[in-house]
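Asks: Chains as they are written, first to last, in our numbering: chain Y, 1 to 600; chain V, 1 to 379; chain U, 1 to 103.
Everything labelled a hint here was simulated from the structure, so no lab data went into it. Wrong hints could be hidden among the right ones.
Lysine to aspartate or glutamate pairs mimicking EDC-like chemistry, simulated, CA-CA at most 20 Å apart [as the list claims (entries may be wrong)]:
#, chain 1, residue 1, chain 2, residue 2
1, Y, Lys-486, U, Glu-13
2, V, Lys-142, V, Asp-177
3, V, Lys-280, Y, Asp-333
A few chain Y residues facing chain U, derived, Cβ under 7 Å [said to hold, decoys possible]:
#, residue
4, Thr-46
5, Pro-373
6, Leu-452
Quick caveat: nothing in here was measured; it's all calculated off a predicted structure. Cβ atoms here follow ideal geometry from the backbone N, Cα and C, with glycine treated the same way.
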Amino acid sequence: MVNPQFFIVGAGPAGLCAGIAAAEQGVSVLIVDEGFMPGGQLPKQTHKFFGHKGFFASVRGFDIAHQLVERAEKAGVEIRLETSVAGIYEDCIALWDRKKDHVWESKPERILIATGASERFIPFENNLLVGIYGAGAVQTLMNQYGVLPGKDFLIVGSGNIGLIVGYQLVQAGARVKAIVDIASKIGGYEVHSRKIERLGIPILLNHTIVKAIGKQKVRGAVIAPVNDQWKPIASESRELFVDSICLAVGLQPSVELAAQSGSAIDYIPALGGYIPVRDPQMRTTIPTVFVAGDISSIEEASTAMMEGFIAGFQVAQDLTGTDMQAKMSNMRDELTALRRGPFSSKVREGLGHFGIHFPSGGYRTETQTETGPFDTMKALIECPQCIPCNPCETSCPTKAIEVGGNLNGIPWVNYEACTGCGICAMICPGLAIFMVQKKGDKAVIGIPYELLPLPEKEDVVFVQDRKGQVLGEATVIRVMKNEKEKTHLVFIEVPIEWADTVRSVQVPEQKKNDYICRCEEVTVEEIERAIDMGYTDYEELRRYLRIGMGPCGGRVCRAQTLQILSSKLEIPIAELEPGTFRAPSIPLPFRAIRRGETDE
Amino acid sequence: MNDPQVVIIGGGITGTAIAYHLAKLGAKRVTVIEKDYLSSGSTGRCGGGIRQQWSSPYNVRLAMKSVEHFTRFREEMDMDIEYYQGGYLLLSFDEEEATQFEENVRMQREEGLKVEILSSKEVSQKYPYIRTEGLKMATFCKTDGHANPHKATFGYANAGKKLGVAIHTHTNAEQVDVQSGSVKGVHTTRGYFPADIVINAAGPWSKEVGQLAGIDLPTESYRHQIFVTEALDYFFPFMAISFSGNFYMRQAMHGQFIMGKGDADEVPGINRNVTYRFAKEMAIKMVKVFPFLENLRILRHWSGEYNMSPDAQPVIGESPQLKGYYYSVGYSGHGFMIAPAVAEGLAHIIMNGSSPFLDLAPLNTHRFRGKTQREKNVV
Amino acid sequence: MDTRLKEHPILDEWGGENLSFWFEGKHLIGHAGDSIAAALIANGIDSFGQTEKGTPRGIFCAIGKCSACMVEVDGVPNVRACLTPLQEGMRVSSQAGKGKPIW
Chain Y
1 MVNPQFFIVG AGPAGLCAGI AAAEQGVSVL IVDEGFMPGG QLPKQTHKFF
51 GHKGFFASVR GFDIAHQLVE RAEKAGVEIR LETSVAGIYE DCIALWDRKK
101 DHVWESKPER ILIATGASER FIPFENNLLV GIYGAGAVQT LMNQYGVLPG
151 KDFLIVGSGN IGLIVGYQLV QAGARVKAIV DIASKIGGYE VHSRKIERLG
201 IPILLNHTIV KAIGKQKVRG AVIAPVNDQW KPIASESREL FVDSICLAVG
251 LQPSVELAAQ SGSAIDYIPA LGGYIPVRDP QMRTTIPTVF VAGDISSIEE
301 ASTAMMEGFI AGFQVAQDLT GTDMQAKMSN MRDELTALRR GPFSSKVREG
351 LGHFGIHFPS GGYRTETQTE TGPFDTMKAL IECPQCIPCN PCETSCPTKA
401 IEVGGNLNGI PWVNYEACTG CGICAMICPG LAIFMVQKKG DKAVIGIPYE
451 LLPLPEKEDV VFVQDRKGQV LGEATVIRVM KNEKEKTHLV FIEVPIEWAD
501 TVRSVQVPEQ KKNDYICRCE EVTVEEIERA IDMGYTDYEE LRRYLRIGMG
551 PCGGRVCRAQ TLQILSSKLE IPIAELEPGT FRAPSIPLPF RAIRRGETDE
Chain V
1 MNDPQVVIIG GGITGTAIAY HLAKLGAKRV TVIEKDYLSS GSTGRCGGGI
51 RQQWSSPYNV RLAMKSVEHF TRFREEMDMD IEYYQGGYLL LSFDEEEATQ
101 FEENVRMQRE EGLKVEILSS KEVSQKYPYI RTEGLKMATF CKTDGHANPH
151 KATFGYANAG KKLGVAIHTH TNAEQVDVQS GSVKGVHTTR GYFPADIVIN
201 AAGPWSKEVG QLAGIDLPTE SYRHQIFVTE ALDYFFPFMA ISFSGNFYMR
251 QAMHGQFIMG KGDADEVPGI NRNVTYRFAK EMAIKMVKVF PFLENLRILR
301 HWSGEYNMSP DAQPVIGESP QLKGYYYSVG YSGHGFMIAP AVAEGLAHII
351 MNGSSPFLDL APLNTHRFRG KTQREKNVV
Chain U
1 MDTRLKEHPI LDEWGGENLS FWFEGKHLIG HAGDSIAAAL IANGIDSFGQ
51 TEKGTPRGIF CAIGKCSACM VEVDGVPNVR ACLTPLQEGM RVSSQAGKGK
101 PIW
């Protein structure tokens with residue numbers, strides 16, 4: 001028997017925070033999780049979180065997971081991994097330790113079910129082919145394990161998850177051919193969709209996937225625009241060459257255990273589907289059972305944390321008698337602030353079904369029209385929507401940015417106070433802040449950059465507009481590297497006409513794979529770089545790069561190498577030393593040599 | 001009576017089979033009312049076994065007759081109910097029981113049933129995947145088998161509908177209208193249904209439904225849990241059952257193992273929850289006898305009710321107190337397997353006054369006044 | 001085909017030392033910290049078995065909720081590859097349909 005006072009199913013943000021809240025009041029807490037890494041969906045999130053400074057804003061998901069686990073363990077929470085809750089039976093909770101293959105029974109005083117949600121699946125022709133993944137699966141593989149399951153992706157769904165995974169795929173070196181969404185507007189935050197668009201990835205609204213092509217694995221996909229009845233218009237369908245299809249079509253709460261515990265479950269589409277009925281303190285219709293996180297509404301990690309804390313505080317009050325009203329009220333205020341914005345309107349509507357009301361509004365909704373002057377470097381914020389986020393405000397050392405009221409407000413810059421330090425641009429989770437300086441016929445733009453390879457000073461890069469359209473080339477004049485935050489600023493100089501359009505850079509493809517030496521696989525670029533480094537003689541190049549040292553003896557590559565040398569140094573080939581020709585001119589076997597010696 | 005108005009309360013195998021047989025005999029005004037969905041009671045939750053190896057000649061005859069029905073079900077009802085004769089292997093782990101089994105086999109053979117007796121060694125040789133430690137002997141009847149109880153219920157319901165039977169699901173019976181000692185009709189949530197005949201086929205709720213007519217039936221419902229595992233390649237064709245060992249298990253056509261046991265600690269009442277204790281006890285018990293189960297996992301676990309009578313035999317007949325009120329209840333865990341024969345018999349009695357092949361009289365309630373013979377072959 | 005990421009703009013590094021394991025009798029290398037699914041995909045194997053009808057089956061959710069990734073590990077069938085950590089010496093095979101009885 002394993003009998004903590006407080007049994008938590010799920011070591012994601014909701015479960016961890018509930019555990020922290022209760023354990024810090026002296027309650028004995030056990031958290032079990034099916035996976036072998038705690039943190040729920042956090043460890044695979046490589047992007048910076050929104051919200052405010054007090055609640056991990058601008059911290060990357062996996063860092064949040066570390067911090068929460070550390071705090072939980074410090075508070076005395078026991079976390080058991082690779083343990084599945086097989087069921088909440090009439091007589092006990094059965095937990096299956098999969099490592100030891102051993103089932104334990106538990107009869108705790110309080111239970112929190114924080115089992116999160118699971119990916120939705122949509123029907124389309126051939127949707128069982130290998131290579132069709134849930135968006136979360138792609139994130140897990142590439143971010144948690146460093147494994148890319150494919151190279152060319154189609155993403156279905158333009159909610160935050162689809163947009164974020166699309167960007168993360170590019171960061172991991174994959175290609176995203178398109179994002180399609182059957183709706184007529186983008187589901188996620190515009191700052192996320194803009195990051196995608198300026199990479200040149202099209203977001204096709206009013207489009208759907210019609211079928212996956214392939215026999216056993218995905219080889220392509222057919223997409224088509226839809227009509228008013230959301231039916232695909234076959235005559236306008238087209239094929240995309242992709243080897244992976246990523247479905248980001250929504251999540252549904254995992255309510256099985258809550259139902260088994262006897263809690264009432266209601267169908268509330270605004271919250272994501274079937275939802276356990278609960279009160280403002282996250283208590284279900286069974287007084288000993290609580291829920292928090294995505295199971296109680298598909299929302300964000302920050303709301304999961306806040307709800308987790310509330311549940312934990314209530315349990316602590318139940319079990320220790322300590323008055324936790326102040327702490328719960330505080331957390332409720334956090335939830336309220338976050339949920340005031342337009343993106344929380346569905347959640348507010350859904351919670352209304354339970355008689356739980358959250359207010360809306362109370363923040364600035366206008367974007368700043370008067371920006372600048374930009375005669376010295378200044379920040380330019382392109383954050384057009386009210387989303388609950390304000391690290392720009394809290395990070396500015398001269399207090400030049402304010403979001404106007406509640407953290408859902410649209411940030412405005414006080415240009416007199418702005419010193420152009422660039423801290424806000426590096427901290428913005430939406431990569432929506434640019435540094436701009438206009439001087440005469442030129443402009444310098446600082447672009448937040450999170451891809452590899454990171455350009456270096458003097459590199460020539462392509463510059464792109466907000467839709468990823470290449471406008472031309474520019475030279476990188478400065479790179480502000482931020483090893484801690486991993487968001488760097490790349491400064492390029494462009495003609496003044498482009499000052500309001502250039503918002504992205506693209507490093508030209510380095511590896512062209514144009515080989516000169518077949519035996520040793522030496523490319524044009526490597527030869528040119530060596531010459532630039534000072535190896536200007538054919539023999540020097542040979543020794544440095546091993547050109548011509550393979551079985552062909554230089555027969556294939558010598559001439560070409562001399563050609564490159566000639567054009568780089570601007571010396572005619574006739575005047576270059578071609579290197580020595582020496583025996584043997586083909587590889588000669590010992591055995592034959594010895595035979596020549598022994599049998600006359 | 002050639003065309004009575006009949007209202008049957010209960011849409012499980014019993015209710016739908018009786019409705020069909022009545023319609024087949026010419027009744028044109030038969031209605032079945034079911035408070036939930038068809039087969040939502042005991043029928044839909046049972047293991048689906050069809051056994052003829054009983055300890056009383058009466059039961060053996062009923063079961064053998066039912067097997068005839070199951071055998072022609074697909075043809076007659078135009079529905080495949082996955083009926084398969086894989087046999088039943090009755091395992092005995094008790095000397096006294098073993099002796100009783102031998103007597104039973106003698107009786108069963110007299111009734112015309114072909115049954116084999118196997119020694120423990122023979123079981124081990126024939127079925128090497130059974131661990132025979134402690135096994136005294138076994139009996140095997142190869143015409144025993146199993147079928148899909150949901151499909152069988154739907155089969156009867158659809159065939160009945162084709163003959164004019166009306167079926168109302170999600171309809172509760174609220175009161176039986178009685179006048180001068182006869183039934184007149186039934187008040188339901190869908191309105192009033194006049195009736196010359198009311199049949200209580202309410203399975204787990206037989207007692208409560210009986211009370212709607214002021215009739216006291218000596219039946220009690222007890223929870224029985226059951227679960228199904230993930231699939232293995234199909235190799236285990238029979239139902240293995242043991243009364244002394246207290247278990248039953250069979251492998252379904254798609255490879256999953258269905259199993260259950262009795263629980264002496266259950267209290268009367270409807271309880272659809274499941275306990276971990278059951279899973280634990282089954283896992284320990286079954287792996288001992290069937291070691292190949294070791295690595296399998298439980299996929300789904302549910303419960304249903306045995307509607308028990310004091311002697312584990314069904315309670316069937318017309319109420320001596322209330323004219324026109326019939327009951328076919330208390331099947332004590334073997335309703336599915338004998339329902340077809342009883343249904344046909346009862347339909348004959350209602351329409352023609354008597355049944356040509358079956359005397360259902362011994363199953364009426366008056367038997368409880370005297371000493372009853374308990375059916376022992378029940379898990 | 002190696003699908004392992006060698007560099008990443010945000011993440012520093014993943015798993016640890018090399019681990020030997022076998023898939024369908026073929027010797028492969030995975031990393032400490034991999035799930036069995038990740039190790040297989042890293043080695044270019046993206047279908048782990050077949051459905052009961054013989055259709056190749058790949059992973060879908062990668063967090064244990066959909067049961068698409070079941071493989072047989074060291075003789076034990078129906079192991080969810082996405083939630084089980086890779087261990088040195090594991091013998092993994094794809095699962096075609098149902099497991100085989102062992103007695």
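Asks: Work down the list of hints and note, for each, if the structure agrees.
Replies: Hint-by-hint comparison with the structure:
For the proposed pair Lys-486(Y) and Glu-13(U), the alpha carbon gap of about 14 Å is at most 20 Å, so the pair holds. For the hint pairing Lys-142(V) with Asp-177(V), the CA-to-CA distance comes to about 47 Å; that exceeds 20 Å, so the pair is violated. At roughly 46 Å between alpha-carbon atoms, Lys-280(V) and Asp-333(Y) are farther apart than 20 Å, so this suggested pair is violated. Because the beta carbon of Thr-46(Y) sits about 5 Å from the nearest beta carbon in chain U, less than 7 Å, this interface hint is met.
Restraint check, Pro-373(Y) versus chain U: the minimum CB separation of about 33 Å is more than 7 Å; hint violated. With a cut of 7 Å, the hint placing Leu-452(Y) at the interface with chain U holds, because the nearest CB-to-CB distance is about 5 Å.
The structure shown violates the earlier hints numbered 2, 3, 5.
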